[in-house]
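Enquirer: Take a look at the letters that make up each chain.
Protein chains: 2
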Amino acid sequence: MKITEKYAAKKEAILEKGMEVMWINGYNGTSVKDIVNAASIPKGSFYFYFESKEDFAIEALNYYLEFNEKLSESLMGDPGLSPYQKLRKLFKVRVDAAFNLFECECGDFQGGCFMSNLAQEMSDTNERIRTAVNEAIEEFKKPIIALLQAAQAAGEINAQLDAEKFMNFLESTMQGAFMTVKASRDPQALEDAEHFLFDVILKK
Amino acid sequence: MKITEKYAAKKEAILEKGMEVMWINGYNGTSVKDIVNAASIPKGSFYFYFESKEDFAIEALNYYLEFNEKLSESLMGDPGLSPYQKLRKLFKVRVDAAFNLFECECGDFQGGCFMSNLAQEMSDTNERIRTAVNEAIEEFKKPIIALLQAAQAAGEINAQLDAEKFMNFLESTMQGAFMTVKASRDPQALEDAEHFLFDVILKK
DNA sequence: AAAAAATAGATGACCAGTCGTCTATAAGTG
DNA sequence: CACTTATAGACGACTGGTCATCTATTTTTT
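Same order as they appear, the protein sequences are chains A and B.
The opening position of the first sequence corresponds to residue 1 in my numbering, with each subsequent residue numbered one higher.
The opening position of the second sequence corresponds to residue 1 in my numbering, with each subsequent residue numbered one higher.
Because the hints were derived from the structure by calculation, they are not lab data.
The structure presented is a predicted model; accordingly, all values stated were derived computationally and were not measured.
One thing to keep in mind: the hints can contain errors.
Since the list can't tell identical chains apart, any single copy or any two copies may satisfy a pair.
[What the hints assert, rightly or not] Under the rule of at most 30 Å between Cα atoms (straight-line distance), these lysine-lysine pairs were calculated in the DSSO-like manner:
id: 1; residue 1: K33; residue 2: K89
id: 2; residue 1: K53; residue 2: K203
id: 3; residue 1: K141; residue 2: K43
id: 4; residue 1: K33; residue 2: K165
id: 5; residue 1: K53; residue 2: K89
id: 6; residue 1: K165; residue 2: K92
id: 7; residue 1: K89; residue 2: K17
id: 8; residue 1: K92; residue 2: K33
id: 9; residue 1: K70; residue 2: K33
Please model the entire structure based on the sequences and the hints provided.
Expert: What follows is the structure, given as structure tokens:
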């Protein structure tokens, strides 16, 4: 259907622009007006495409997931890379996505991970968002767990580790490092995280 | 002076109650009205004790620092504990403070670390708060770095590690684990963090 | 023309912060 | 001591503005 396609395209455009501002300013720090300004749509149109601001945030989470998937698509499909090489490159892609987003128009070391930003801000006060973030994070981890197991099977990393357990630790650590980088405006925390995760813990 | 003492006592009472609600609901999620309600004072009085909501948050950060210091005071001064034993116990004290605060009146696995909550929410949009959080975190780390170095000198942990670098990683990891626990309502992330930090990395 | 999509503008709740006023206690004066 | 003056602090109504959301209307499509 033509209408549905047009509708979906516009909705996605609103999600893209709106997510950018909510990524930087947080949920409570972003008004619906900020979103419609960013997306260059009239105020009233927002409620034609989204039930509520809360719903927008949850849909933006899924959009973020797709956004991240696209970023690593070519890397994940590259047959010339070993699982471990993919892991290391994936780390860099994610860091770039977190802090060089939108061609730097918002300054350095801002943003971080949209999922963990929402998790941190809203988990205590909004159950729907908390659940949605949780599910998004689970989804996000899946392909990386597979990569870890493949790297173990290939003998590239310590095979003693429980891949899923380590993935959880990896994810927590990344989120913490993002937060530290935001606060300190210094990428050191991410470099340290990379060192301890890959060179110390994963070392064979 | 008697007046000043009274003033200080009341200010501290407002900080205590106000911090509790900002700890759970965040900066943007907490209105001045919420704070004055929690402290049972009239709205107007808030601005007698604090210049602005922003100033309140910054003063609350320092109050949080003292709050944390008091919690670990007896532990840190215990001559019967080795540096490493103190580190392990400190971990538990901090976790308890983060998630069992205010006698559980706000439910389980809410709250986390007040400093990192503020850091995460406000770093991108409020430079004063970002700087204040940064300084608070630096202050917070100092005694733990000393403890790490003492544990190294005593031969209790891996002496090869740069204590300051490891402390930064420890702090990032803790913050990430707090966030994960908040979002998942499951303490597993903290248990995993404890395992990797103490049993894997610090192991001699 | 009828139906669907898009939007302008309205709505009332709420926001941070200000204001003038009131009261209780302190300090100054003889 | 008594009496006056000064002021610390309490207090809620109020301000201009913003908030999320809704309703009534216009525009577009069929």
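Enquirer: Take the hints in turn and mark each one as holding or not.
Expert: Comparing the hints with the structure gives:
1. K33 - K89: neither (38 Å within a copy, 48 Å between copies)
2. K53 - K203: neither (45 Å within a copy, 48 Å between copies)
3. K141 - K43: For K141 and K43, neither the intra-copy (36 Å) nor the inter-copy (46 Å) Cα distance is at most 30 Å.
4. K33 - K165: Classified as neither: same-chain Cα gap 41 Å, cross-chain 43 Å, threshold 30 Å.
5. K53 - K89: Answer is neither: 35 Å inside a copy and 43 Å across each miss the 30 Å cutoff.
6. K165 - K92: Both ways: K165 and K92 sit 21 Å apart in one copy and 20 Å across, limit 30 Å.
7. K89 - K17: Classified as within: same-chain Cα gap 27 Å, cross-chain 46 Å, threshold 30 Å.
8. K92 - K33: Neither. Shortest intra-copy (34 Å) and inter-copy (44 Å) distances fail the 30 Å Cα cut-off.
9. K70 - K33: within (29 Å within a copy, 44 Å between copies)
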